[in-house]
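J.: Produce the entire structure from the sequences given, and follow the hints as far as they go.
Mapping of the sequence shown onto the numbering used here: position 19 corresponds to residue 19, and the numbering continues sequentially without gaps.
Read the hints as simulated data drawn from the structure, not as lab findings. Mixed in with the good hints there might be a few duds.
[To be verified] Here are the in silico distance ranges between beta carbons for each label pair:
1) S188 x N255: 19 to 25 Å
2) D62 x K20: 19 to 25 Å
3) E163 x S2: 28 to 34 Å
4) E163 x G26: 32 to 38 Å
5) R70 x S188: 32 to 38 Å
6) S107 x P67: 43 to 49 Å
7) H266 x S2: 24 to 30 Å
8) G241 x D147: 30 to 36 Å
Just so you know, these numbers come straight off a predicted model, no measurement behind them. Backbone N, C-alpha and C fix where the C-beta goes; we use that ideal spot for every residue, glycine too.
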Amino acid sequence: MSDSMRVAAIQLNSVRDVSKNLMKVGELLAEAAGEGVELAVLPENFAHMGGDEQEKREAAEDEQNSPILRFLSDQAVKHDMAIIGGSLLLKGNHGLLRNSSPVFNASGKLLAVYDKIHLFDMDYLGQSYHESGLIEPGSQPLTIDLDAWRIGLSICYDLRFPELYRLHARAGCRILCNVAAFTAVTGSAHWEPLLRARAIENQCYLIASAQFGKHADGRETWGHSMVIDPWGEIVAELPEGEGVIIADLSMEKLNRIRKSMPVLQHRRV
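T.: Following this line, the structure appears as structure tokens:
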């Protein structure tokens with residue numbers, strides 16, 4: 001059993017130009033690999049952000065023939081590093097798209113693709129988002145194993161639904177992952193407390209990779225990518241700007257916290 005894992009959360013300000021985004025992603029993955037990172041996590045919409053609905057439909061790819069997925073696979077092999085590929089748009093059913101998070105191991109094998117379950121529909125302070133008009137919701141929670149570390153996947157708005165993360169904990173996860181493009185208005189109020197709560201209540205490490213700044217469609221995202229330990233302490237954070245944050249996860253620390261306060265064993269409902 002591997003007792004530790006070095007991880008990286010990558011923060012971006014993605015634009016409408018896929019090639020520019022992938023170039024930046026390649027640079028930041030190389031930076032992470034140079035620091036000995038074993039698992040790198042990208043944010044939601046890392047390859048394309050800021051276009052209108054028609055542009056998003058045109059950017060969506062077939063899972064079985066996706067240049068972006070091939071790019072991520074090649075990057076994993078190049079850097080001998082597992083990658084959680086934030087999320088990208090894949091073609092779905094009934095004229096809708098999928099908001100999907102792919103996971104590659106260090107050999108470039110696609111281990112799994114998680115489809116976002118909870119879709120972001122909001123009308124608040126003049127801001128309106130209706131993800132359900134374009135995206136079909138996923139139906140299944142998804143976990144993947146990297147060595148001894150089981151990881152529970154989630155995308156952005158999923159963060160507000162603690163039952164999803166409890167399912168991950170009950171499935172044996174030691175790491176929770178949220179890839180996001182949280183709006184600035186909701187992020188400033190809720191991002192950190194929700195992330196810390198999910199880590200604390202499930203006694204898991206939590207890796208959160210986010211978009212930040214203003215985008216072509218006028219949307220402003222919050223940033224503040226972070227890694228949180230099972231006690232709820234923030235061990236790495238990038239408030240704004242593009243970049244990489246790195247943290248070393250310790251199985252010994254996680255087990256010690258769970259043993260000292262066995263919350264998951266004390267559940268009654």
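J.: Does each hint fit the structure? Answer for all of them.
T.: These are the hints, each one checked on the structure:
no.: 1; hint: S188 x N255: 19 to 25 Å; result: violated (35 Å)
no.: 2; hint: D62 x K20: 19 to 25 Å; result: holds (22 Å)
no.: 3; hint: E163 x S2: 28 to 34 Å; result: holds (29 Å)
no.: 4; hint: E163 x G26: 32 to 38 Å; result: holds (37 Å)
no.: 5; hint: R70 x S188: 32 to 38 Å; result: holds (37 Å)
no.: 6; hint: S107 x P67: 43 to 49 Å; result: violated (20 Å)
no.: 7; hint: H266 x S2: 24 to 30 Å; result: holds (28 Å)
no.: 8; hint: G241 x D147: 30 to 36 Å; result: holds (31 Å)
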